[in-house]
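Enquirer: Chains A and B, in that order, give the protein sequences. Going by this note's numbering, the first sequence opens with residue 1, and the numbers climb by one from there. Going by this note's numbering, the second sequence opens with residue 117, and the numbers climb by one from there.
Warning: the hint list may mix true and false statements.
[Unchecked claim] With beta-carbon atoms standing in for the labels, derived distance ranges:
hint	chain 1	residue 1	chain 2	residue 2	range
1	A	L26	B	G157	33 to 39 Å
2	A	R10	B	G212	27 to 33 Å
3	B	G212	A	P8	32 to 38 Å
4	A	N70	B	D183	38 to 44 Å
5	B	S168	A	S15	42 to 48 Å
6	A	A2	B	E133	27 to 33 Å
7	A	G61	B	S168	38 to 44 Å
8	A	P86	B	A126	26 to 32 Å
9	A	C13	B	G176	37 to 43 Å
10	B	V136	A	L68	38 to 44 Å
These are calculated hints, taken from the structure and not from any lab test. This structure is a prediction, so every number in the text was calculated from the model and none was measured. Even for Gly, the Cβ is constructed at its ideal location relative to N, Cα and C.
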Amino acid sequence: GAVVSQHPSRVICKSGTSVKIECRSLDFQATTMFWYRQFPKQSLMLMATSNEGSKATYEQGVEKDKFLINHASLTLSTLTVTSAHPEDSSFYICSARGVSANTEAFFGQGTRLTVV
Amino acid sequence: KQEVTQIPAALSVPEGENLVLNCSFTDSAIYNLQWFRQDPGKGLTSLLLIQSSQREQTSGRLNASLDKSSGRSTLYIAASQPGDSATYLCAVLPGGGSEKLVFGKGTKLTVNP
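Just chain A, same shape as in the assembly (with noise of 0.2 Å):
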């Protein structure tokens, strides 16, 4: 199938600085691509829905100015988490789809983001 890749893997950071995760398409363009948070033991919970050289739909409950997404090319995408706090820590997973709306969904390796 196709590759997601989503980089970093893991990352810890303090309390008040910013951090970014990139998610990139390798072998097909992504027209869309999809931010998601993961709690321990739960299912994922989308954050937005992002479309390459548009911004970002966010979901109700998200808060566009903590969490940047970024689609500037049909292969990345970046979340950035702006003025992290702990309770920022989670994993956060991002997926990919190509041009038809019904193809399949990718998905990366996922980021650990631990605010200390």
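Keeping the supplied structure of chain A fixed, place chain B upon it in accordance with the hints.
Expert: Same frame as chain A, but now just chain B:
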């Protein structure tokens, strides 16, 4: 609103057993259904994708079926191995132009050697 349920939440079997994981969804108007595997601390690996017009898909020891009218899908794993231990997630892509997958809460499978 589409809801996806997976039963059981956890399953423990001895190595070599054949097993079935269940997924049900409330609205039969879907584009497709995907089964994923998630290992602890990792992302999701896509196992099988079934389009709404299809009845089943197979990959190796895995077979997924889809009965759209009854809102059900099953994932059959043949001759289970300890390496199959993981959480299995079912997700549907609703109809009506939505791009967002709706996930079940998963079934945690443990295959004992």
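Enquirer: Each hint: holds or not?
Expert: Tested hints:
no.	hint	result
1	A:L26 - B:G157: 33 to 39 Å	21 Å, violated
2	A:R10 - B:G212: 27 to 33 Å	38 Å, violated
3	B:G212 - A:P8: 32 to 38 Å	36 Å, holds
4	A:N70 - B:D183: 38 to 44 Å	41 Å, holds
5	B:S168 - A:S15: 42 to 48 Å	46 Å, holds
6	A:A2 - B:E133: 27 to 33 Å	32 Å, holds
7	A:G61 - B:S168: 38 to 44 Å	30 Å, violated
8	A:P86 - B:A126: 26 to 32 Å	30 Å, holds
9	A:C13 - B:G176: 37 to 43 Å	40 Å, holds
10	B:V136 - A:L68: 38 to 44 Å	43 Å, holds
The structure shown violates the earlier hints numbered 1, 2 and 7.
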